[in-house]
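Engineer: Numbering (the numbering used here), first residue to last: 50 to 420.
Because the hints were derived from the structure by calculation, they are not lab data. Treat the numbers as computed from the prediction; the structure is a model and nothing was measured. One or more of the hints may lead you astray.
Stated by the list, open to error - Now the in silico label distances, taken between C-beta atoms and shown as ranges:
1. Ala175 <-> Ala118: 15 to 21 Å
2. Gly345 <-> Asp186: 23 to 29 Å
3. Ala90 <-> Thr406: 40 to 46 Å
4. Ala118 <-> His402: 44 to 50 Å
5. Pro92 <-> Ala147: 18 to 24 Å
6. Lys363 <-> Pro92: 49 to 55 Å
7. Val404 <-> Lys363: 18 to 24 Å
8. Gly345 <-> Lys285: 26 to 32 Å
Yeah, the Cβ is synthetic: ideal placement off N, Cα and C, and Gly gets one too.
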Amino acid sequence: MNPANTTDSQFMELALTLGRRGLGRTWPNPAVGAVVVREEADPIIVGRGWTQAGGRPHAETQALSRAGALARGATLYVTLEPCSHHGRTPPCADAIIAAGIARVVSALQDPNPQVAGAGHERLRAAGIAVDVGTGADAARQAHAGHISRMCVGRPHVTLKLAVSADGKSGLAGRRPVAITGEPARARVHRMRATNDAVLTGIGTALADDPLLTCRLPGMAHRSPVRVVLDSNLRLKPGSQLVATAREIPLWVIAGERAEADRAKALRDAGAEVLVAAQSDDGLDLAAVLALLAARGITRLMIEAGPILAAALLKADLVDEAVLLRSPKGIGGDGIDALEGLPLAALTQSPRLHVVRTESVGEDTIEHLARG
Numbered sequence: 050m051n052p053a054n055t056t057d058s059q060f061m062e063l064a065l066t067l068g069r070r071g072l073g074r075t076w077p078n079p080a081v082g083a084v085v086v087r088e089e090a091d092p093i094i095v096g097r098g099w100t101q102a103g104g105r106p107h108a109e110t111q112a113l114s115r116a117g118a119l120a121r122g123a124t125l126y127v128t129l130e131p132c133s134h135h136g137r138t139p140p141c142a143d144a145i146i147a148a149g150i151a152r153v154v155s156a157l158q159d160p161n162p163q164v165a166g167a168g169h170e171r172l173r174a175a176g177i178a179v180d181v182g183t184g185a186d187a188a189r190q191a192h193a194g195h196i197s198r199m200c201v202g203r204p205h206v207t208l209k210l211a212v213s214a215d216g217k218s219g220l221a222g223r224r225p226v227a228i229t230g231e232p233a234r235a236r237v238h239r240m241r242a243t244n245d246a247v248l249t250g251i252g253t254a255l256a257d258d259p260l261l262t263c264r265l266p267g268m269a270h271r272s273p274v275r276v277v278l279d280s281n282l283r284l285k286p287g288s289q290l291v292a293t294a295r296e297i298p299l300w301v302i303a304g305e306r307a308e309a310d311r312a313k314a315l316r317d318a319g320a321e322v323l324v325a326a327q328s329d330d331g332l333d334l335a336a337v338l339a340l341l342a343a344r345g346i347t348r349l350m351i352e353a354g355p356i357l358a359a360a361l362l363k364a365d366l367v368d369e370a371v372l373l374r375s376p377k378g379i380g381g382d383g384i385d386a387l388e389g390l391p392l393a394a395l396t397q398s399p400r401l402h403v404v405r406t407e408s409v410g411e412d413t414i415e416h417l418a419r420g
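Turn these sequences into a full structure, and let the hints guide you.
Structural biologist: Here it is in structure tokens:
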């Protein structure tokens with residue numbers, strides 16, 4: 050491999066690592082990473098940055114600010130095309146030009162129609178060398194939520210399922226049960242921290258009374274927006290979700306025929322009540338995802354029961370799946386992990402394939418993705 054290409058790949062990997070710090074915190078903006086490098090006898094990093102919570106400041110301006118005057122004549126590595134349009138802040142492309150950057154290595158063109166190559170062209174027009182494509186595959190994974198929201202109008206959806214050795218997800222009578230061990234459950238909390246929102250159905254909300262927060266030490270502030278699909282607004286005002294709605298955002302998505310008094314009670318407790326299209330079978334899942342995207346959600350984690358999990362699979366709305374497998378069985382009277390579907394509908398899906406498998410404590414975690 051060309052030494053220059055190797056160097057570019059190494060610094061882009063650092064930029065990607067920095068960008069991942071913002072996952073789950075920057076929506077509606079992508080979690081971008083940036084590195085400023087001077088070419089001396091050996092390359093020297095003079096500035097690093099990543100998109101800050103709430104989406105501002107952007108990674109590029111953070112890195113340039115830290116580099117200061119040392120940015121002049123340097124190379125900027127960035128995981129997504131610098132913006133070229135005026136939003137709440139001036140374009141990053143203008144800041145790069147003003148800083149005197151000589152070369153930009155960009156992983157991807159931004160699919161946002163407000164950018165879509167215009168940022169790269171503005172840099173080239175200013176005499177800056179622009180190389181696009183280094184680290185593109187990893188950047189597409191890191192920015193999957195942004196790409197999905199821009200290209201298909203919905204968040205990137207990750208389905209989490211915990212299943213016993215015999216393919217069950219609960220006890221008879223839909224009673225909840227702890228399936229995996231503590232290390233695997235800690236992994237789920239980490240997943241919550243890197244998603245913008247976590248969604249469940251009203252059945253799970255009533256049966257489990259979950260919090261759906263990130264409860265790892267020091268990471269409570271990384272808890273995602275909690276979303277409950279509740280067409281008839283059956284969520285109890287005394288539930289843990291509603292009781293914490295003023296501290297951690299709770300969005301309850303109702304159907305068009307939900308009772309106004311129930312909506313008011315939830316709003317009075319601090320929850321937001323949104324309305325989505327409804328059919329005799331329940332809420333329109335595609336409409337729900339479009340609604341979440343319109344509100345800025347890019348990365349959505351699903352922690353739901355067998356009915357909603359199966360419905361999302363049937364509708365082809367699952368982009369990734371994380372399957373936490375326990376070595377222990379529940380028994381024949383347990384509830385199947387997917388309502389009306391064999392587990393093979395997920396594990397042998399023609400649209401999802403296993404990308405890696407790992408052991409976590411006594412459990413095994415399979416990661417599946419489209420491809």
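Engineer: Against each hint, give a clear statement of whether it holds in the structure.
Structural biologist: Going down the list of hints, with the structure as the test:
The hint said 15 to 21 Å for the Cβ distance between Ala175 and Ala118, and at roughly 18 Å that hint holds. Between Gly345 and Asp186, the C-beta spacing of about 26 Å keeps the proposed range 23 to 29 Å intact. Restraint check, Ala90 to Thr406: a C-beta distance of roughly 44 Å satisfies the suggested window 40 to 46 Å. A C-beta distance of roughly 49 Å is found between Ala118 and His402, which places it inside the suggested range of 44 to 50 Å.
Evaluation of the 18 to 24 Å hint for Pro92 and Ala147 yields a pass: the beta carbon distance comes to about 23 Å. Distance hint for Lys363 and Pro92: a CB-CB separation of about 51 Å, consistent with the stated range 49 to 55 Å. Hint check: Val404 to Lys363, Cβ distance near 22 Å, so the stated range 18 to 24 Å holds. Hint check: Gly345 to Lys285, Cβ distance near 28 Å, so the stated range 26 to 32 Å holds.
In this structure, none of the earlier numbered hints is contradicted; all agree with it.
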